[in-house]
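Please model the entire structure based on the sequences and the hints provided.
Number of protein chains: 4
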Amino acid sequence: MRTFTCLAFAGVIAATSLMMAPPPLRVIFFGDSITEAGVGPTGYITQLRGMLPRENFELIGAGIGGNKIYDLYLRLERDVLSKSPDVVVVFIGVNDVWHKRSMGTGTDADKFVVFYDALIAKMQEKGIRVILATPALIGEKTDCTNDLDGELNHYAQLVRDVAAAHHCALVDLRSEFLKSLAAKNTANAEKGILTEDRVHFSPEGNRLAGRPARRPPSLNALRPAPGAGPGNRS
Amino acid sequence: MRTFTCLAFAGVIAATSLMMAPPPLRVIFFGDSITEAGVGPTGYITQLRGMLPRENFELIGAGIGGNKIYDLYLRLERDVLSKSPDVVVVFIGVNDVWHKRSMGTGTDADKFVVFYDALIAKMQEKGIRVILATPALIGEKTDCTNDLDGELNHYAQLVRDVAAAHHCALVDLRSEFLKSLAAKNTANAEKGILTEDRVHFSPEGNRLAGRPARRPPSLNALRPAPGAGPGNRS
Amino acid sequence: MRTFTCLAFAGVIAATSLMMAPPPLRVIFFGDSITEAGVGPTGYITQLRGMLPRENFELIGAGIGGNKIYDLYLRLERDVLSKSPDVVVVFIGVNDVWHKRSMGTGTDADKFVVFYDALIAKMQEKGIRVILATPALIGEKTDCTNDLDGELNHYAQLVRDVAAAHHCALVDLRSEFLKSLAAKNTANAEKGILTEDRVHFSPEGNRLAGRPARRPPSLNALRPAPGAGPGNRS
Amino acid sequence: MRTFTCLAFAGVIAATSLMMAPPPLRVIFFGDSITEAGVGPTGYITQLRGMLPRENFELIGAGIGGNKIYDLYLRLERDVLSKSPDVVVVFIGVNDVWHKRSMGTGTDADKFVVFYDALIAKMQEKGIRVILATPALIGEKTDCTNDLDGELNHYAQLVRDVAAAHHCALVDLRSEFLKSLAAKNTANAEKGILTEDRVHFSPEGNRLAGRPARRPPSLNALRPAPGAGPGNRS
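Protein chains in written order, with my numbering: chain B, 104 to 337; chain C, 104 to 337; chain V, 104 to 337; chain H, 104 to 337.
No lab work stands behind these hints: they were computed from the structure. Treat the hints with care, since some could be wrong.
Note that the list lumps identical chains together, so a pair holds whenever it fits in one copy or between two copies.
List of simulated lysine to aspartate or glutamate pairs, EDC-like, C-alpha gap at most 20 Å [to be verified]: (1) K186 / E228; (2) K225 / D213; (3) K294 / D213; (4) K282 / D246; (5) K282 / E307; (6) K225 / E180; (7) K282 / E299; (8) K225 / E307.
Below is the structure:
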């Protein structure tokens, strides 16, 4: 099994850097409003910048509110490939589920996978290291009664499967956040612990997303993508 | 704690009969398409008829496909009160959740409770013994990735709360069916074990719904509803 | 044909008063957020208060944001019947349509009619004069491309049919607003002429809703409801 | 204004052939279930085959039930480009609207345009002549009370705008079908005139879609796409 699951972004990125071209490693975080907020004062990308040596890592936020998987697909060239990153962290899925209910324009499960596959293929063929993150939360209740829990679990599983199929490192935020809430949210609150509003991370949620891995990943898990050359910025 | 949870319909109904007027006890099953199918050849009501002595119990199906809580409310007089039942089993909730997605006309959680409260009040003030059943399944997958799991858990919990608030006996089908699937659906199939089509009971599902309780409920749990007189058919 | 269509609220209410008990006539406006805002500084109820002699008319707002037809049904006793009005203006329907899309909990067309029928029956049997208003707008574009135009037309027609069936006066806001927009919204704007936000009335929209009828309705159209006695406050 | 609107498919295709390479002209119909049924016994493609000389036209159906604009985008290479057509008729949009309500996975209006643009660009850069058709009907009622009328009008207008922007010939089925219904559906029936089931064409609907144009389009309107070379099959 080549997929590799890590506790949070810091560990995966740090481990990735060990195998790649000299610094700074350019990392793009590609996602929705959660990632858009990730570069704010308490955002997870901002926190990662504080943790990782600046001379070694250039962390770039590329989140746009409301984005679904096919929005990423449509703006891949402009917002990612044109910037020649070494690593791209794809963190998407909340709106693909949520918009089914709120706007009638969520993403079919099978199309979610098709677009995700195509997105990864386009990056991997440029030699970009791709890291996937599962969608974390839509509601914090711990008794599995958040309205979209079933579907969010479903799409998180799709992301895990996609990561495995493409040999991508995986940051399983859904799993990590659920574990954390089991301990911290004994009152079964709907929001306010790891999120501000059921979806967007609180400072505590951003800390959890960004925190360093306790168990450093094995380097083998981070071997180059199949058929990929070295970094694409020579 | 006055609410009383039983494994399935047979036990609750049998226990109820011990405290009530001489036979036959008239029991109406009030619900949606699952109950409509309940009087079919392998239906759960048909199975109950085979289990309970005919001279003691008259079991009447009053299920209509597509019904939500407010449909029951609107046809209560015509289909239930006019028939002077001793006991009414209310088994509703699947469409209140499902139609949110399929038709845009599901039931708000707070209105689900308001209508349920009103429904029970109207029956209890006639001295009818009311038994509630939680909605069982929309999808049989056991890893909590059925799309509507979160919301179905939510509404099942609402039914449990309503039962407690009105001192109604509760047949917690959701809980029972999940327990059964944990053992029987190790392949994580979407349907085909307890349902035919993710929702409507298979013969096996009907058996589970109708089976006698292994632990007979305590009689105390079935004491008359507050302020209720004896049976309403004197 | 006994249904009576008038241009706006003022005319219908004024005409109604001619046939009823001595002043002041108590009129309750029963609806959703549009009616809730109707008592604001530029609201349509406020404007009506300025137009109709205070000694003859007591105008009461009873709008609650987010209400659908069955919310009115559920709070009829508390918010309307308990106040013994002479006239009730029912202005509902926008959320019954809108929430289908935004929340998955709109109202089925057939249930919309069933609850509306029941609502009117309960008021008419108390001798209350009932006036219905059609839902006005969800979007102001004039080329029939507002996303919910088809469905809003559908539900407006249901209100017209219900008014006819119960011999209620009708204020056909939908029809009036569309006529006004045909003249004023030649740029096909989505909002900003009669609404602030596609739904809630601008000062201009409130003026249109409240303005006096140009053609006073015939008194015959306002004859007492079948079987109704005189006003219910003796 | 370079866009060109024709009454139905036959005329546009025939006119197109005048400007292109020697026969047979290969035409692919690219769409959803309506096009999938178009090759059936009474289907519109079958009818076109009967009208157009077989030695001059090769008509190929490439419809798949449930398809939305991005499904066409995703299978363009496999089902269209790999077959080197001279002309492609794109007839899509019903599911982009319908699935918003029925499945929560319709297509955002802005994304509909983005994917449509991309689809056309990929075909035009191969020198393929692209013809667009507006989505015809979801419900046949003529008083603009079909639930999805507003949204379907919206998306039909988007298709007209896209056709204009890319200088594509347009077969405005929506407009033609509405005109036909205004004459034939005076009873305001929901289905049964041009459709079997509100969406899929009846034999009469297929005839209307396929019938020859009464006014042959001007040749100028069918000039080669900007920057396009000759046919792509040399």
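Right, here's what the structure says about each hint:
no.: 1; hint: K186 / E228; in the structure: within (15 Å within a copy, 26 Å between copies)
no.: 2; hint: K225 / D213; in the structure: within (19 Å within a copy, 24 Å between copies)
no.: 3; hint: K294 / D213; in the structure: between (30 Å within a copy, 19 Å between copies)
no.: 4; hint: K282 / D246; in the structure: both (12 Å within a copy, 16 Å between copies)
no.: 5; hint: K282 / E307; in the structure: within (14 Å within a copy, 35 Å between copies)
no.: 6; hint: K225 / E180; in the structure: both (9 Å within a copy, 16 Å between copies)
no.: 7; hint: K282 / E299; in the structure: within (18 Å within a copy, 34 Å between copies)
no.: 8; hint: K225 / E307; in the structure: neither (34 Å within a copy, 46 Å between copies)
Of the numbered hints given earlier, the model fails hint 8 alone.
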